[in-house]
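Student: Go ahead and model the full structure; you've got the sequences and the hints to work with.
The primary structure of each chain is shown beneath.
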Amino acid sequence: NAGVTQTPKFQVLKTGQSMTLQCAQDMNHNSMYWYRQDPGMGLRLIYYSASEGTTDKGEVPNGYNVSRLNKREFSLRLESAAPSQTSVYFCASSEWAQGYNEQFFGPGTRLTVL
Amino acid sequence: AQSVTQLGSHVSVSEGALVLLRCNYSSSVPPYLFWYVQYPNQGLQLLLKYTTGATLVKGINGFEAEFKKSETSFHLTKPSAHMSDAAEYFCAVTTPVRFTPRDMRFGAGTRLTVKP
Numbered sequence: 001n002a003g004v005t006q007t008p009k010f011q012v013l014k015t016g017q018s019m020t021l022q023c024a025q026d027m028n029h030n031s032m033y034w035y036r037q038d039p040g041m042g043l044r045l046i047y048y049s050a051s052e053g054t055t056d057k058g059e060v061p062n063g064y065n066v067s068r069l070n071k072r073e074f075s076l077r078l079e080s081a082a083p084s085q086t087s088v089y090f091c092a093s094s095e096w097a098q099g100y101n102e103q104f105f106g107p108g109t110r111l112t113v114l
Numbered sequence: 115a116q117s118v119t120q121l122g123s124h125v126s127v128s129e130g131a132l133v134l135l136r137c138n139y140s141s142s143v144p145p146y147l148f149w150y151v152q153y154p155n156q157g158l159q160l161l162l163k164y165t166t167g168a169t170l171v172k173g174i175n176g177f178e179a180e181f182k183k184s185e186t187s188f189h190l191t192k193p194s195a196h197m198s199d200a201a202e203y204f205c206a207v208t209t210p211v212r213f214t215p216r217d218m219r220f221g222a223g224t225r226l227t228v229k230p
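Protein sequence lines correspond, in order, to chains A and B. Under the working numbering, the first sequence has 8 at position 8, and the numbering climbs by one with no breaks. In the working numbering, each residue's number is its place in the second sequence (first place is 1) plus 114.
It should be emphasised that the hints constitute simulated quantities derived from the structure, not laboratory data. The model shown is predicted, which means the values in this text are computed figures rather than measured ones. Treat the hints loosely; a few may be bogus.
Said to hold, decoys possible - In the DMTMM-like style, the derived pairs of lysine to aspartate or glutamate whose C-alpha atoms are separated by at most 25 Å in a straight line are: (1) A:LYS71 to B:ASP217; (2) B:LYS229 to B:GLU185; (3) B:LYS163 to A:ASP38; (4) B:LYS183 to A:GLU102; (5) B:LYS192 to A:GLU102; (6) A:LYS57 to B:ASP217; (7) A:LYS57 to A:GLU95; (8) A:LYS9 to B:GLU202; (9) B:LYS172 to A:GLU95; (10) A:LYS9 to B:GLU129; (11) B:LYS163 to A:GLU95; (12) B:LYS163 to A:GLU102; (13) B:LYS172 to A:ASP38.
Unchecked claim - One-sided and incomplete, this derived list gives chain A residues near chain B with beta-carbon spacing under 7 Å: (14) MET41; (15) LEU43; (16) LEU45; (17) GLY58; (18) GLU102; (19) GLY108.
Here a beta-carbon is modelled for each residue, glycine too, at the ideal position from N, C-alpha and C.
Tutor: What follows is the structure, given as structure tokens:
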């Protein structure tokens, strides 16, 4: 039982390059989330997927797209990376999005955009 | 909208000493409050939560927090620090009223260092 896994662990991009961050969970959770963590700012929600086939914007969605590929997988895409997107990205999952359900987090992807 | 402020970005204690990490919140309705811990190179893990009922909440690893409405605080404490407690701690707040994931707000974090 791996929980929430993320790939890659580290990535360095040049401005304008694109990439996709991958996330998978094996807990049969319905809801999945993408956060970014910046120094002095805590975690901020980028996008979430309340259930398979649905996605919704979070607090900071600009510059990102997401795909809920199936119940297990939720990917985050940067189409044209900018230095402001340098951050640590966390994927999380929970049983449901409605009402509070504990979120389980992956180990993170550390992204640097030069 | 709710918000949370963690006082002190870094706290250093000696092993065996009291740990006190401060969190103050702002919410127009009764909040749900959380503490998360992040060990190096790992994701966040829920330490404890307050929703309703008893205001003193006990969590994992000997941590506890007390919801004080009059002080709008939810400070995290542990009587005796252990080396393994060294981590970053995040306070978070949300509203139970028509809760959506967008409503969760995290503090900036407090890095706890434990000296031998």
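Student: Is it true that the CA of LYS57 of chain A sits at most 25 Å from the CA of GLU95 of chain A?
Tutor: With Cα atoms ~19 Å apart, LYS57 of chain A and GLU95 of chain A stay inside 25 Å; holds.
Student: Measuring from the C-beta of GLU102 of chain A to each C-beta in chain B, is the shortest one below 7 Å?
Tutor: holds (5 Å)
Student: Between LYS172 of chain B and GLU95 of chain A, does the CA-CA distance stay at or below 25 Å?
Tutor: holds (23 Å)
Student: Does GLU95 of chain A sit within 25 Å of LYS163 of chain B, going by the straight-line distance between their CA atoms?
Tutor: holds (17 Å)
Student: Double-check MET41 of chain A for me: the hint is only fine if its C-beta lies closer than 7 Å to a C-beta in chain B.
Tutor: Given a least distance of 6 Å, the restraint on MET41 of chain A holds.
Student: Does ASP38 of chain A lie within 25 Å of LYS163 of chain B when you go C-alpha to C-alpha?
Tutor: It holds: about 23 Å lies between the C-alpha atoms, which stays within 25 Å.
Student: Taking only the CA atoms, is the gap from LYS9 of chain A to GLU202 of chain B under or equal to 25 Å?
Tutor: holds (19 Å)
Student: Quick one, are LYS192 of chain B and GLU102 of chain A close enough, alpha carbons at most 25 Å?
Tutor: Distance ~22 Å between LYS192 of chain B and GLU102 of chain A Cα, so the pair holds.
Student: Less than 7 Å between beta-carbons is the criterion; does GLY58 of chain A satisfy it with respect to chain B?
Tutor: holds (6 Å)
Student: Given a cut of 7 Å on the nearest C-beta pair, is the interface hint for LEU45 of chain A held or broken against chain B?
Tutor: holds (6 Å)
Student: Is LYS229 of chain B within 25 Å of GLU185 of chain B, Cα to Cα?
Tutor: violated (30 Å)
Student: Mind checking the alpha carbons of LYS172 of chain B and ASP38 of chain A for me, to see if they're no more than 25 Å apart?
Tutor: Violated, because 29 Å separates the two Cα atoms, which is more than 25 Å.
This entry does not satisfy hints 2, 10 and 13, going by the numbered hints stated previously.
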